[in-house]
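Could you build all of it, start to finish, from the sequences and the hints given here?
In this text, residue positions in the sequence shown follow the working numbering: the first is 690, and each later residue adds one.
I should point out that these hints are in silico values taken from the structure, not numbers from a laboratory. Backbone N, C-alpha and C fix where the C-beta goes; we use that ideal spot for every residue, glycine too. Do not take every clue at face value.
What the hints assert, rightly or not - Distance ranges between label pairs, derived from CB positions:
(1) S800 x E939: 55 to 65 angstroms
(2) K797 x D879: 38 to 48 angstroms
(3) K933 x K881: 19 to 29 angstroms
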Amino acid sequence: MQNRELQNDFIMSDIDREIIFGQQQQSNEQELATKMLQIQSKRFYLDVKQNRRGKFIKVAEIGADGRRSQIFLALSTAADFRDHLGTFSEFYSQLGPPNPDTVPEDGKLKSEMMIKDNRRYYLDLKENARGRFLRVSQTITRGGPRSQVAIPAQGMIEFRDNLTDLLDEFGTDDGGFKGDLPDGRHMRVDNKNFYFDVGQNNRGIYMRISEVTTTVKGNFRTAITVPEKSWSRFRDYFRDYCEKMAECNEKSTTATTSVPAESVSPQ
Numbered sequence: 690m691q692n693r694e695l696q697n698d699f700i701m702s703d704i705d706r707e708i709i710f711g712q713q714q715q716s717n718e719q720e721l722a723t724k725m726l727q728i729q730s731k732r733f734y735l736d737v738k739q740n741r742r743g744k745f746i747k748v749a750e751i752g753a754d755g756r757r758s759q760i761f762l763a764l765s766t767a768a769d770f771r772d773h774l775g776t777f778s779e780f781y782s783q784l785g786p787p788n789p790d791t792v793p794e795d796g797k798l799k800s801e802m803m804i805k806d807n808r809r810y811y812l813d814l815k816e817n818a819r820g821r822f823l824r825v826s827q828t829i830t831r832g833g834p835r836s837q838v839a840i841p842a843q844g845m846i847e848f849r850d851n852l853t854d855l856l857d858e859f860g861t862d863d864g865g866f867k868g869d870l871p872d873g874r875h876m877r878v879d880n881k882n883f884y885f886d887v888g889q890n891n892r893g894i895y896m897r898i899s900e901v902t903t904t905v906k907g908n909f910r911t912a913i914t915v916p917e918k919s920w921s922r923f924r925d926y927f928r929d930y931c932e933k934m935a936e937c938n939e940k941s942t943t944a945t946t947s948v949p950a951e952s953v954s955p956q
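Okay, structure coming up:
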């Protein structure tokens with residue numbers, strides 16, 4: 690029976706869902722290479738893909754019960770992950786036999802974190818009663834959902850070697866935009882906070898606009914994601930509305946000041 694922590698439901702972020710939808714629609718996306726690994730009762734697929742914004746690797750895990758989990762790595766992030774796999778493998782080889790009396794309460798033996806644009810990747814080598822494994826979790830900043838895969842510790846070297854083969858063939862250049870992205874901005878209006886964050890993923894550059902409302906029951910967050918190609922249209926619409934409201938306010942002010950005062954009868 691597999692450890693429940695090793696069996697993760699298929700959880701996707703909004704951005705990853707867009708990538709999958711794009712694959713289903715065959716929208717300018719090409720599969721360049723794929724590798725399949727069988728590690729214990731699990732299958733892992735490493736797929737190198739390319740769209741108009743660059744190359745990336747999809748890592749998919751399929752458990753013994755057929756449940757599927759996946760994460761996405763830019764090629765440069767995959768190179769960092771490959772290096773971490775080597776470090777984790779070396780650490781694992783020096784651990785010795787499992788000992789329940791020495792396992793930390795949270796089960797974590799070693800942890801690292803990787804950051805790529807608006808994504809964070811948490812690498813945790815864990816141990817429980819059923820064995821040791823490397824959990825790789827991917828999150829989107831500012832409240833995005835988490836997706837994760839779990840690699841049995843005995844398979845980390847094999848995973849690293851297959852990932853290395855793909856990187857040797859396709860390199861570590863993500864492609865796409867190469868410049869520095871603008872810093873995030875924040876503004877407060879009454880009891881609301883607005884956050885403007887520019888990020889980049891495999892589908893391009895985007896702006897995430899988050900609204901956080903503070904009430905007596907806590908904070909409530911909503912957000913929209915605006916592709917970079919539509920920013921100028923958003924700007925034009927906002928400018929048009931600002932100009933129209935300025936005209937309305939000016940007419941209202943003029944109408945108010947032009948009302949004649951009541952006549953006063955002479956004494």
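Outcome of range test on Cβ distance (K797, D879; 38 to 48 angstroms)
Once the Cβ atoms are compared, 42 angstroms apart, the range 38 to 48 angstroms for D879 and K797 holds.
So the hint says 19 to 29 angstroms: do the beta-carbon atoms of K933 and K881 match that?
This hint holds: roughly 23 angstroms between Cβ atoms.
Quick one: are S800 and E939 within 55 to 65 angstroms, going by C-beta?
Since the Cβ atoms of S800 and E939 sit about 59 angstroms apart, the hinted range of 55 to 65 angstroms holds.
When the structure is compared with the earlier hints, no violation turns up for any of them.
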